[in-house]
Amino acid sequence: MKKLLFQLDTDTIANAFDTIAAYDGGADHVIRVPGMTPANVASIVEGTIFTRPPSSKKFTALFVTGSNIGDGQALFDAVKKHFFGKFRVSMMLDSNGANTTSAAAVACVEKHCRPAGKRAVILAGTGPVGQRAAVLLAKLGASVLVTSRQQARAAAVCAAMAQRFGVTLEAAGVADAASIAACLDGAHIVLATGAAGVQLLSEAQWAEHPTLELIMDANATPPLGIGGIEMTDRGSERHGKVCYGALGFGGLKLEVHRACVARLFETNDLLLDAPDIFEIARNAARAR
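Note that our numbering gives residue 105 to position 107 of the sequence shown, counting from 1, and the numbers run on in steps of one.
Each hint should be verified, as a subset may be incorrect.
What the hints assert, rightly or not - Straight line, CA to CA, 30 angstroms or less: simulated DSSO-like cross-link-like pairs of lysine-lysine:
#1 84 / 0
#2 84 / 109
#3 137 / 0
#4 0 / 78
#5 56 / 1
#6 109 / 56
#7 1 / 84
#8 109 / 1
#9 0 / 79
Said to hold, decoys possible - Derived CB-CB ranges, DEER-like:
#10 277 / 24: 15 to 21 angstroms
#11 65 / 45: 33 to 39 angstroms
#12 218 / 44: 37 to 43 angstroms
#13 80 / 24: 22 to 28 angstroms
#14 80 / 277: 46 to 52 angstroms
#15 209 / 51: 23 to 29 angstroms
Calculated from the structure, these hints are not laboratory results.
On a predicted model such as this, the values are computed, not experimentally measured, just so you know.
Think of the CB as a built atom: it goes at the ideal place given N, C-alpha and C, for glycine as much as any other residue.
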């Protein structure tokens, strides 16, 4: 029985990265379906849940992708409404790589410190990766602050994550070095998840910081989001702090991505969102 993965992409052109990772994860055939919305997904879902007999439904799976995590969440939730009884297939959500990237990042954090009781700051955290990383750190017991240039935008993201995952996050607006310094007051962990090629934190701002223990940057395009680290840093020590660049945890992200796809074909009732994908990342990180 062929392992069929339907890549339900919310963009008008399906993401090639996700397609390649899906094949590398063990899918025999990936059917790319762009332009997916809650309004037009019904026929695809019905085809996947009705065609194969119960014992073979696990060989069909769904993979929600696209550049916008909000659109991905809406599609993921809409698909679930079409499942009933044993008429369901496994599905994962990873719009813009948000879940696998954030899961890998937080799994690396956990290798060096217990987040419980720590203060974590997600710089430019309103994007897909920042949102999910904030959720995962909060679920591990950290006090998490999400920043944005617009405080209202950060607050909206925090409210959305509270509603979806039941976590409490703080929001702050940052406009200059002084406001960034205020946000980092008492922080132990900082993760930069801003747009490519934009430096959010200079080396001078963190090198002598009295409480920071671990810094991590998800940006792989120069200039990096955090000055003074290398994109290949993988638990490197700089100025007495543990440092990770995007490539430093990127290998784990790809490993987790492939492992999640493989898991979809083990049963027909998996629903992989951020917390579930984190458990896969955590196990992968421990095995390294």
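Outcome of the hint check:
| no. | hint | verdict |
| --- | --- | --- |
| 1 | 84 / 0 | 20 angstroms, holds |
| 2 | 84 / 109 | 38 angstroms, violated |
| 3 | 137 / 0 | 37 angstroms, violated |
| 4 | 0 / 78 | 23 angstroms, holds |
| 5 | 56 / 1 | 8 angstroms, holds |
| 6 | 109 / 56 | 33 angstroms, violated |
| 7 | 1 / 84 | 18 angstroms, holds |
| 8 | 109 / 1 | 34 angstroms, violated |
| 9 | 0 / 79 | 26 angstroms, holds |
| 10 | 277 / 24: 15 to 21 angstroms | 19 angstroms, holds |
| 11 | 65 / 45: 33 to 39 angstroms | 25 angstroms, violated |
| 12 | 218 / 44: 37 to 43 angstroms | 40 angstroms, holds |
| 13 | 80 / 24: 22 to 28 angstroms | 25 angstroms, holds |
| 14 | 80 / 277: 46 to 52 angstroms | 26 angstroms, violated |
| 15 | 209 / 51: 23 to 29 angstroms | 58 angstroms, violated |
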